[in-house]
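Enquirer: So the sequences go chain by chain: U and X.
Per the numbering used here, the first sequence runs over residues 1 to 566.
Per the numbering used here, the second sequence runs over residues 567 to 1132.
No wet-lab data here; the hints were simulated from the structure.
A few of these clues could be false.
What the hints assert, rightly or not - No more than 30 Å apart at the CA atoms, straight line, and that leaves these computed lysine-lysine pairs for DSS-like: (1) X:K1105 <-> X:K1116; (2) X:K864 <-> U:K357; (3) X:K923 <-> U:K298; (4) X:K1048 <-> U:K538; (5) X:K924 <-> U:K298; (6) U:K194 <-> U:K502; (7) X:K1110 <-> U:K298; (8) U:K358 <-> X:K1105; (9) U:K298 <-> X:K864; (10) U:K482 <-> X:K1000; (11) U:K539 <-> X:K864.
Just so it is clear, the structure is predicted and the values come from calculations on it, not from any experiment.
2 protein chains.
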Amino acid sequence: MTVNKLNQGKQPGSRKGRGSGIRAGLFKWTMLAVALVVQQAVAENSGERIAQKGAEQPGAVACASCHGADGNGNEQAGFPRLAGLDAAYLEGQLHAFNSGSRKNPVMSGMAAPLSDQDIRDVATYYAGLQPGSHAEAPAAVSTAAGEQLANHGDMPNRGLPACFKCHGPGGLGVGESFPPLVGQPYSYTLAQLKAWQSGDRSGEPLGLMKAVASKLTDAETESVAAYLASQPLSAEDKPASQQDSGNMTTPASVKTAEAGTTSGTSTPLHQGPVEPGREPGAEGYFEPPERGAWPDGKMGEIVRMGEAMFSATSTHPASAAYVGNRQTCSGCHLDAGRLANSAPLWASWVAYPAYRKKNDRVNTFIERIQGCFTYSMNAQASAAGHPPDADSDVIVGLVSYAYWLATGAPTGDRHMAGRGFVQSDESATGFDPKRGEAVYNDKCAVCHGEHGEGQFARGQVVFPPLWGPDSYNWGAGMHDIKTAAAFIKLNMPLGLVGPVQKQAKLSDQEAWDVAAWMNSQERPQDPRFNGDLAETTKKFHASKYDYYGKLKKPDGRLLGDGAPGR
Amino acid sequence: MTVNKLNQGKQPGSRKGRGSGIRAGLFKWTMLAVALVVQQAVAENSGERIAQKGAEQPGAVACASCHGADGNGNEQAGFPRLAGLDAAYLEGQLHAFNSGSRKNPVMSGMAAPLSDQDIRDVATYYAGLQPGSHAEAPAAVSTAAGEQLANHGDMPNRGLPACFKCHGPGGLGVGESFPPLVGQPYSYTLAQLKAWQSGDRSGEPLGLMKAVASKLTDAETESVAAYLASQPLSAEDKPASQQDSGNMTTPASVKTAEAGTTSGTSTPLHQGPVEPGREPGAEGYFEPPERGAWPDGKMGEIVRMGEAMFSATSTHPASAAYVGNRQTCSGCHLDAGRLANSAPLWASWVAYPAYRKKNDRVNTFIERIQGCFTYSMNAQASAAGHPPDADSDVIVGLVSYAYWLATGAPTGDRHMAGRGFVQSDESATGFDPKRGEAVYNDKCAVCHGEHGEGQFARGQVVFPPLWGPDSYNWGAGMHDIKTAAAFIKLNMPLGLVGPVQKQAKLSDQEAWDVAAWMNSQERPQDPRFNGDLAETTKKFHASKYDYYGKLKKPDGRLLGDGAPGR
């Protein structure tokens, strides 16, 4: 039974599915399947044995004695749930106890006797178990600030991303680097946050958790831990390893969760515990209305729908039909379009209608947003095949949301501080995709994937694809290296830039180079492509910051030659 | 030859055409035609004789001795042109010299000996002459303030309408009450303005010229007279009596004149001579950007196009195809959408998107404007048959113009002073179309016509039709009696309300009654009409301020029953 159960997780075509190579004739397929089942059964047996009875080596006691027979931890004692966590993540943690990058006197002793194979086996075993849901928040700790921080963070004041921005919708975990945050005991999560802050836990990619956790006050740390503990794992949620990252549909549970995060019940951060001197607006940027301070009635409904679509454009039931890739508006307009220097929507709203060289005419705000669908969302490849109509709920929702964000902003002000991205000139050494590749692998791949393919969870985009068929197309503003460098410089890597992104993590050179690498990759065709690459290049891609029709792909053809779509 | 020439002016169907009853068989038609020609030839001969040689009575000298053999006046002496002026207007003036309501020692003597028939004959004669163009502005007087006042007036500060608002495009005259202002000697026009101010000239409808001229400073009076003298009569312009009021096309000369009035060359009024204490903004209302302070480049072009369409919606080459009646945006939004308490566009812009009960959804500003076309402009009966598309030049132009007017206004402010119309509750005696009819005939008909048919000149709408096929339809906001009363109260009669319309001319009771009269008339069908009057009434016209489907027409049918269009 456990073998069958494990096999459920190996869906053909899934990123981790070891059976994905099974494509030959019936005989070959049958033989391979038998071999795999045997191999996995062995791993299972070894992992299960260590978990339930301990390893053969002296001192390696049964994991189950603390983490429970079902692997779901021990709430009272604060022992974490292991069931359903990503195998690679669990494996990494056991090695971290051994190396000392994760300091824990008990676990160091437990992990020390295990061989690499033991570690792999036990991690695989726990990854296959069904997660239970038993965590609870302590009544004495308010979850209000935690709810706000987990769902929205505090980007404007602290460059603090939402927990769920990386750990995925509902905090249910993403891939091997971002474990589930919910369904763990309060005391465990609190201890981990404190460990990141103190340095007792480290070794995570880019030092992200150290950077992020250190931005929390003590009261916030408790509130976040309490909120996370208060969020039950949905009964419908499969273990993270069984998630189908290619699934474009949104499960009902996620839709519900999403509606919850945009409801009027969330507490404005202003009323939560905010450190002195961190009052919103201290940086001198325009302040959009607080989340949750929605307009009344149907206007409020459409504004909230607008925010929901903005944050999940490719999967929201209304907007998904017009998105031909796996992008969201908030992928380029961080913090749901609220963040200064990240092309905030409040600055865009007051700047339209405006003349755009791109189509050589004055564009209304609606036409501008339709342009986002045409290019950044590659609407041509969507179910509808075109951007949403001007009077559709999708456009009305997005427009109303932008308008609401701009409440109080002066009409026609084209010079609001923090508008657009902050451009920097390239250095004397220019920009170089080869140099950029190294930057990418070092600092970007952990989230966006080794091949720029992005990461997904519960059907939602967590880290948007940067190239390939699910990325923005060759007509999008982001394909311009200068624009991409400007976005990247002050906004990436998420969580490592300073308050309102004033402290950049990447040098100008790194930003330019990694932008060049990203934009030296193939992506969907420019919808203005007229069938002639040279002509289209001359007409729309003459800029020196544009590789379309100029740089050669590995197959010897030029970028744009044979690009999918149109 | 003169007979033929005179006949040119009697076009069948024109408002003044005496031959309009000629519809019977060939014989009857021929006989009548002969009779008319004979009758007119007699009138001609009598009028021409008086003009060129004087009347038979003692003291009635030849008009030509002062007004010139061709009737085009005498520039040096300041004697006015009579050629091509409206016959009824000329007739009225000769009677005015006799009655003393127009005081002029010379003309009183000249008019006194003339019989009523003489006066009619000589007026008819001069109306049929071709106007010449010989006026010139004196070099010493600046025309800058005059240009601004003639084209745009100063509604916000003084409730002062543009000269051309009533005297028609280019000041070429409208009907019998609004003579041409251009093509007259400077000294003549100056003397007339001073005579209105002093009371030496009076008796005009509603005391309009007294009210308007008294709002001018001495310097402005001179500048206006100089500007009007500087504007040549176009060679293409026919005498006013030969204008085809039914002509929907815009002559090239008017298009040029219109472009001129919206060009960047007009002088902002702020720099002209403005009376102390009348600085713009003194009333506490939002100030849109000054006319002429257009944005640069293509944005400026489309904003100017927007203003031009706003002021001449039914005839502008771009917007005409979407207008199924003879209305302009500026008919309800005075001063080209700039005026407080007249539904100014700067207040509308910042208030959209917004929920509208009318279609039970949140409307973008674009959808709102498309609604104006559907209802106020009755687009269903237009050449296109529907409102302009969201990305059309018409919509982009109007939207950009509204956006520009709102420059600096706070996004989302739904409480700007002067927004919309100022509503008043009806009195204990309610509202009554019968009482309203008397108000209408007394105070409205001189401009809007006895039958609410409006007045037109050079193909342009001067006074919009208030009912009938060329008016707004049964779905327009203005068909609501309360809304119409609110508009009328502070905005009508034009020129008689005070600065930013604070001094109303009509009592609340009069405004309500005349609104009831106007909206007790038939007009184009509500486009939401579903074929069943009772059902449509119940669904969309349940308000007690709405006569649709409730009040009986003279033919015994209910309003809306058989209304033209759909």
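Enquirer: Could you run down the list of hints and mark each one as holding or not?
Expert: Tested hints:
For the proposed pair K1105 (chain X) and K1116 (chain X), the alpha carbon gap of about 13 Å is at most 30 Å, so the pair holds. Between K864 (chain X) and K357 (chain U), the direct Cα distance comes to roughly 10 Å. Compliance with the 30 Å bound is thereby established for this hinted pair. Proposed proximity of K923 (chain X) and K298 (chain U) is supported: the alpha carbons are some 10 Å apart, at most 30 Å. About 60 Å separates the Cα atoms of K1048 (chain X) and K538 (chain U), which puts this hinted pair outside 30 Å; it is violated.
Between K924 (chain X) and K298 (chain U) the CA atoms are separated by roughly 13 Å; this keeps the pair inside 30 Å, and the hint holds. Pair hint K194 (chain U) plus K502 (chain U) holds up; C-alpha atoms about 26 Å apart against a cutoff of 30 Å. About 26 Å separates the Cα atoms of K1110 (chain X) and K298 (chain U), which keeps this hinted pair within 30 Å; it holds. In summary, the hint linking K358 (chain U) to K1105 (chain X) is not supported, as the alpha carbons are separated by about 46 Å, beyond the 30 Å threshold.
Of the supplied pair hints, the one linking K298 (chain U) and K864 (chain X) is violated, its CA atoms being roughly 36 Å apart against a limit of 30 Å. Between K482 (chain U) and K1000 (chain X) the alpha-carbon distance is near 71 Å, which puts this suggested pair outside the 30 Å criterion. For a cut-off of 30 Å, the pair hint linking K539 (chain U) to K864 (chain X) stands: about 21 Å separates their Cα positions.
Consistency note: the structure conflicts with the earlier hints numbered 4, 8, 9, 10.
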